[in-house]
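Here the protein sequences come in this chain order: A and B.
Using our numbering, you'd call the opening residue of the first sequence number 2 and step up by one each time.
Using our numbering, you'd call the opening residue of the second sequence number 2 and step up by one each time.
No lab work stands behind these hints, which were simulated from the structure alone.
Fair warning: there could be bad hints in the mix.
[Claimed, not checked] To give an idea of the chain A side of the interface with chain B (calculated C-beta under 10 Å), a few residues: (1) G138; (2) G170; (3) S237; (4) R545.
Each residue gets a CB set at the ideal place from its N, CA and C atoms; glycine is no exception.
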Amino acid sequence: MRITRMALQYRKRLIVGIIAIFLASGFQLAIPILIGSAVDAAIGLDGGTVDLPNGTVMRAIDSATNVFGEGNNPPKTALIIIAVFLFIASVGRGMSAMFQNYMGESIGQHIGYDLRMLYFEKLQRLSFSYHAGVHTGDLITRGILDVEGVRMFVQTALLRSVFLVVLIGTGMYLMLSQDLTLGLISLSFVPFVAWRATATNLKLRENWYALQDRLSALTKVMDENLGGIRVVRAFSSQNHEMKKFDVSSNEALALANTQVGIRAKNISLMGLAFMISMAAVLWVGGQRVIDGELRPGELTQFIAFMSILLEPVRQIGMMVNGYARGSATGGRLFSVLDLDPTIQNKPDAKDLEITNGTLEFHNVSFGYEEEHTLNGVSFKAEPGHTVGIVGPPGSGKSTIAHLVPRFYDPGEGFITIDGQDLRDVTIESLRKAVGVVEQDTFLFTASVEHNVAYGDPWAPDDRVTAATKYAQLGDYIERLPGGYDTLVGERGVSLSGGQRQRLSIARSIMLKPYIIIFDDSTAAIDAATEQRIRAALTDLTKDRATIIISHRLSSLMHADEILFIEAGKIVERGTHAELLANGGHYSDLYELQIRPSDDSRRKHDEGGLSQ
Amino acid sequence: MTARETHTRNHEIPPKASIRLGSTLDEEVFGEAFNGRVIGRFLAYVAAYKSLLAVAISAVIVFTISSIAMPLIVKNVYDDALDLSSPSRSKLATMILIFLVAVGFNFIANYFQELIVGRVAERILVDMRRAMYEHLQRISLSFMDKTEIGKLMSRLQGDVGALQEFLQTAVFAIGDMVLLVGIIAAMIWLDWRLGLMTLAVLPILLIIRIIWLPYARKSFLRARVTSSIVSGALAENINGIRAVQGLSREYVNFDLFDIRATDNLNAAKRASKFGVMMLPIVDTLTGSAMAIVVIVGGFFVLGGTIEVGVMVAFVLFVQRFFDPIRALTMHYNVLQRAMASGERIFEVIDVPVDIEDKPNAIDPQEIDGSIKFENVTFGYLPNQPILKNINFEVKPGETVALVGPTGSGKTSTTALAHRFYDIWEGSVKIGGYDVRDMTQKSLGRHVSMVLQEPFLFSGTIFENIKYAKDEATREDIVAAAQAVGAHEFIMKLPDGYETELEQRGGNLSLGQRQLISFARAIVADAKILVLDEATASIDSYTEMLIQQALQRLMEGRTGMVIAHRLATIRGADRIIVLQDGEIIEMGNHDELIALGGLYFRLYSMNYASFDDIPDELIQQATQAAQDSST
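Same shape as in the complex, but just chain B (with noise of 0.2 Å):
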């Protein structure tokens, strides 16, 4: 503990330190509260329930309104039926069935307010949770490139949530203002002047409330904004305990907690100050309304102005008004939120877009697996295109290798033969098919991708490898993990195919989880097979699996690789050299070799893989490639 201490408490200056201060603070209070676009589209998704909600907030209006009669028909027990000086016994079984008949209409009311409500608001939020996923999947790479999937996973949930706690909220607010207005009409009916009386307090209320939220709300928020500061440091701590632990910083990391519990400790007690600061405020003005009943509603009853029972209903009644009042302030911060979230979800569902099937798209069954670029010429970013004029031809069952220094557009030419991107210029064919005369469908059933990187889907191996295809069976599956070499670590493990997978395959070796993304690619079984060739650097003796694996995968069909290693190189039918978006030369391995031009140069560097290549080289072997042809 001492040494703890005395650690850090000598040096004057901060830490080098992790985790900084949200700065979420600001954007919260200072929403508005009403948007009538968000509400608008909103309404969309609403009116897909109206008859249920119609039900729902007519359940509202009958709780509400029985329960401001209860106290009125008490007031009448006492008045008609307990008046001493004509008491009645059969009005009071009268009075005491019209109070039953109320408490029946508010039980049932009050059960279908809390069932309907609560379940149209659950529907609301499945519904605009599904509209935006599908949409998800339907727009174009280019707009998920630059998004950062956490932005849009709190849209999809807690911005979703935000919408629902606001559908309930608009509900139950409309029976706390019915409930308001009833009570004070209620009042006045009964007595008026007693009850503009009793009702003097309630816009002191109103005002203090109106001053203290927004102070009440900055604590309420910062208390959360410390606190998630906290479950973050906790977090990263637990996830980077290695570096950690291996470079002692045990010790000045419990400092900078510690700084930041304590932050919290304090923010998290203002806020309850803030909290239970309300219940004298609301408890005094309660007693001030009380004593105005007793006194100058007991003088009426001492004068015969009005009778006993007026004064009981208005005791019930005072201890009632303030809950609408306290609720429907609170639920305006409830608003706020989500105003601001509905513009984050619309925002989402209003992305274009822009790769969509032509109204008749064809979907052809056979296709021969021949790979077509036509002048074509493509960007993402206007101006700036990175495949310039590029046109080659790959026939069925060749394998053409494409090769070329970063940024040179290899990737893109990939993601077009799967139309991910529409070009500019030229066509782009498979199986002699313009791709945007294509259903996308039939696409990824005749063009199959490899990624560098192996995505693994949380689930099975089995489950894996099966993916999409649902009609695979089960020797589909095996004999793809046998073609690939997978079976046999596959069945080392202790569940074999059905052991589960960790997040993103968390329990296999990264050459694993490649040798499972080829099997994957094995039972999609596609004519045309897309494969950008993994750069990180594998152990030899998974790399050789590996290369066996990709002989395999590509027997039998047209392959376009993007590739690194020089043993895949050699390997292809052709080699295509890129360039700043250019084909600069093409030709099989001896053919370039032979021409002497970039890829000679590259070659006879000697590196066992092109990206071992230091980028200065790979300049210089470029600048002297065109010193050479010109």
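Pulled out of the complex, with its shape left as it was, chain A reads as follows (with noise of 0.2 Å):
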């Protein structure tokens, strides 16, 4: 498995974490061992020898007392020496259950680290048609919890159940090797507990996802409505969005008490299952010590291991789980990890080099599975001019502005710059040249400053003010409590749809790009502000080629070339003047916009345009 692969370059940590695995294991198993010698060593045969059946332990008691000599009092000696044993084996236990956790952990989280990093450098990689298709919340599920996912796979999966197979095996064999019928005995409930924890811990898993489901539909619940807290009024719904809460948080609760069924069930269970298993070996070892067979000491053996083996077996429930879990959100990072974006640099693209600013399209068609959003679109943007695009909602508008950044790539025809393919030219130099104004703008979570400078975030200050006033923002900004400062995004201020559509052709002034296109980026704001704005940006724009995307006709009459798109297709083109004189399409909107008056709706409602 990729993650185990990953998990080996780790080395040294695996290294010293396996080391520990052993001494943990060894000194764990120690203990009980010690214990039952004590027990033994105590009930202590008057006659003053120790004889202990553990002949290990035996050895090294005689050869203690050979080195400090020998006290008049045997038994004594052998319980302090079994007394340090102890402490040592503890210790022992201790520090190398702490090497051994903490290079479990320290991998999963390097491991962690590492695919928050690929995961990340993939999607910022990933070209737009992937984007548009996923749904931002799985994307963000997955890098948050799928990585969390297999750092705890890692982390309690893989080196614990080495150890777990390590204790238990030898712990069986220590037990089984002593006393072949008692060893069953106490291992009676390892099979039961195992099976317990592993079936039990995927079902609640099943039903963890069952209740997060339905957790996230009583989430999307309550804040819809307190999002349309002024609709949930303006209806006087209370009682309906009471009944819509009511019913998700019902089944949320169903699930939740399966949850706590469940999990009661099985604890009570387990523990059932090894108290059966204790009464059991109480009884049958009882009567064997009864029967001068086994010493008490090694019935105290017996119990002890019982007791240090029912955490781990506990825990193959949870390590299955981590196992699954582990699986399954792995295999679904993986599954982003493995995608190759479908815009890429050729092997050989070499940076574009401007030469004047000429941006061209040739007989470009683009489209998604069947339907073509562009059907043979071919215009020429110089510097210095302004090459406008209107045409009825879905037309295909945007499409050309996400062209020319290559967020897609044409599926017949080119687009050049100065002459060259966009697919010749390495993707930095080419979203370097052009500037591209989105109609939606997301705020980043910074100041307004910051923002502004995103796509330079180096810029001096000045020119950051410079940019905001291009875009006729400075003088709001100026105005905030904060000024350049002030937060805005999520967690701050919250700008109008105008003010950010400002602040987006700042931010792409901030690029100086040679190309630059609006994308319906003006909608928002009013048309004297705009009107400002275009005036500020003509000594910008003078050497570079302007495209203008709008459905509002002011925004672009004044442009160079107009072009009419429905359908995909280059209906119309011409100046203002040409087109008007035409009498097409272009003239009946201009009409329509010009004067909403009753008589120009009567002549749509006619026939003129339909939808």
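Dock the two chains into a complex; use the hints.
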């Protein structure tokens, strides 16, 4: 499995971890033996000689007594020595457990970090077509929960499973080799507990997912209710809303109760199995002691063994869960990491060389599946010139804007800047040369200044202020309580649609692109402000190619060429005056927008434009 | 790879970044762990489950006692049945039987404590969340206006969860306490000298943990906080991926993300160091305790002071008594969180409901659809009236357009017709009834509202149009959609009326959402319709549809419209021009033009919408209107 391979990179930690595992198991298992010996030593054979059944411990005691000299009370000496051993074994167990756990966790965390970075990098490189097709929430969940799942898998399942195998294996061997029957009885709880732990853990996991699902449905209900509280009040629909809440809430509650029920049943049953085998050990072992076949200390040893094994056996369930979760989450994560971005630099891609900055579309077609959103579009935008693009919603206007910075590649035809096919140049150099001002502006949770300077993070402050002035946003920002340091975005001051668009314009100006595209990016800005922005921009755009996409004709009627697009095709082209003279779609639209009077509406109804 | 490294590393100054460090650190560490008021309030919710909880607590006690009894029984097995000088099979059998009885009790008590505690905690969680949510449905909009939804959501979820955790913990903490006391008592009862000596390690552990806890908690918290920063950065980058790629920020962001992820890695490693540090300490102390038992206990056994069973019981107890201490110190944290959460929850529940139905509020079945404002004065903040002495009347079936610059009081006027807020002076009458004398439910039935931002819920289009009108049939819904011209585009969607809407109707265009919200208002079928026309510019094609839909919507209803489009304004029967909370002009389009006041000036600027007029021009017009009138 790939995760295991990743773990192998941390060889040093792994080796330390594994050594610690063996030490920990050894110390752990020594403890019951020592306790057993202690009991036997204490029962003390009044005669003064100590004879313990366990050879190793006996030999150790013998050699120790030799070193320290024969005391006059051998059992006492033996007890002291056992106590010392017990102490050492406990400390040793603690230390090795510490190393083992720490190594496991740190490998897990390092792998989590590696995966996070890989994931982040991959997401940044994946093209628009990918991002448009997936739910952002899913991507975020993968990046957070799935990485966490893999980390937990490494941490709990990988090293710990080795530990459990070693511990349970050796423990079982020791018990069985000492007394087969008693050993079997003491271990009888193991399969049951292991089975319960595994089965319920998987069941709990399934239930947990269902519960999370219900909980997020509940969250949605509450979130929408609060977000739409005015609608709720306006329709006086509090009862309706409470009903929705109760349905979701009760569904979640039912699952939560199932969860509690499964867990309660499971925990108590596992405890029961353990205690019943303990009773059986006491019964059978007790008989043996009475028959003189077994020493009391040995019986104690079995009981102590059992209590040591209980916890690890319970953890098997956790591990199985870890495996299941790890493989599911790992699979999902790797499915993203293995994707190839559809838009990539060609191996021999060169940086774009701008000679004068002419953008040209050569018979470009583009489509998702069968439907073509663009069909044989050709036009040329020269420096200092403005091309306006207008058309009904869904006609393919925005697609043109997305093709230029290579957010997508055209299906047929090609696009050039100064004669270089966009697919032959590096994406970085292309995107530096082209600025697209989008309709929806995403604000990052940061200061206004940082948002404006987003594409040029080391820009000096005066350039930032200049850019906002161009976008007619400077005055507003200066009036904000914190000025340019005011926090905006999700957790900051909320800007109106028009302000966001102006910020977006400032952002693009910062990059000083050779070709600038306004993708319906003034829709929420009032006409007068737009006028002023355009006036301010004239000296910036005088040697650059500008493309304005808009449904508001006043935004683009001054363009050098206007393209009217319908169903992905250019149906009319020319200057404002030419198009008006033509009396086609464009002039209809003009009539509609300039005079929204009853007459034009009637004309519209009778047949003109239909959607 | 190399390109990335050279990209930022050669800059001395940090890049202009995004996502900053959260400051939740202090807030969580220094909360109080006990707050009588919060606990008192909380107990009121718990009281509903008094008898169940009593059962649960008895189960916890039975469980604890039986857990302590078992080692004691084992001791007796050794001392009575397995005594080497007089072993006895019958005694062994009796002991095993007693042991099994204890096992039985233990099992049953264990099952019920887990089950009842868990379920009651879940139940109380639901109760509290419901209480808070229901309260939020009733408290005034002025509160909702100034509260962030995210904050309320975190109270409904996180804070309620913390209290649930608290309840579970509290019950189990009782168990831990009983267990600890029980073990100590049992050990001292078995042999007080050995008991005291063994227990000597307990205070040491306690002291170590008390010293360790604040540091450890801080490191755990730091790991949590850094982790949520990383998650935040990831989420932001995914949400803003277009901006990131469009502006070529990938390399910079990768480096910034790396810094945060590394931060988190280090914090997490530090936290796990603190976590694992406890292992050798606990084990050393266990080892010491066992060594004491072996030496002292062993000597006692040898000397005949105690029997060997006592020693066995001690060994079994020693392995158990660290758990409750560990659990109890951990619970402290939960307590702290719960108190802070409780404060926040009750803060919401305590917000007074200022708009309530009068005890004898009426619910007229039919009203005539008139609206009357008489000497209405109203504001959101004391001494800052937004509306001053407003008087006007809308006759049944009439459409009135409210016009005026931003902040003139248009939105407040519409909100008052629905009694979103209570006025300071005067009266607002709907169909001749004062809105304060009607039930809010009744108002909702007679007055429906279309808001500027068309808010849709998740669910199907069908459900959205139907919304709270449970008795509406499918025909009603389709008819409404047809009336506003939404039927066609709905039918073109993959599942027609059954198409599931994404969050906030994200899979529809703004214009389409608007039409759906119109259809929703038609289905609600109120006599009076209050409408806040959208200002956002919609493409001319959709605009056309919306204007037509608007006319259908108004048919046969009394309308009060905050109008932005000239077309809508001109279509109204009467226009009310508001400025600074006062009505300055009233009349139909022709009358107002003839009047030559503010309306005339705004109209003659020839903008398609009043919102397109720049602020300065409005100010000039206002000034000019005032000058000419004086």
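Now the hints, each set against the structure:
no.	hint	in the structure
1	G138	holds (9 Å)
2	G170	violated (22 Å)
3	S237	holds (2 Å)
4	R545	violated (17 Å)
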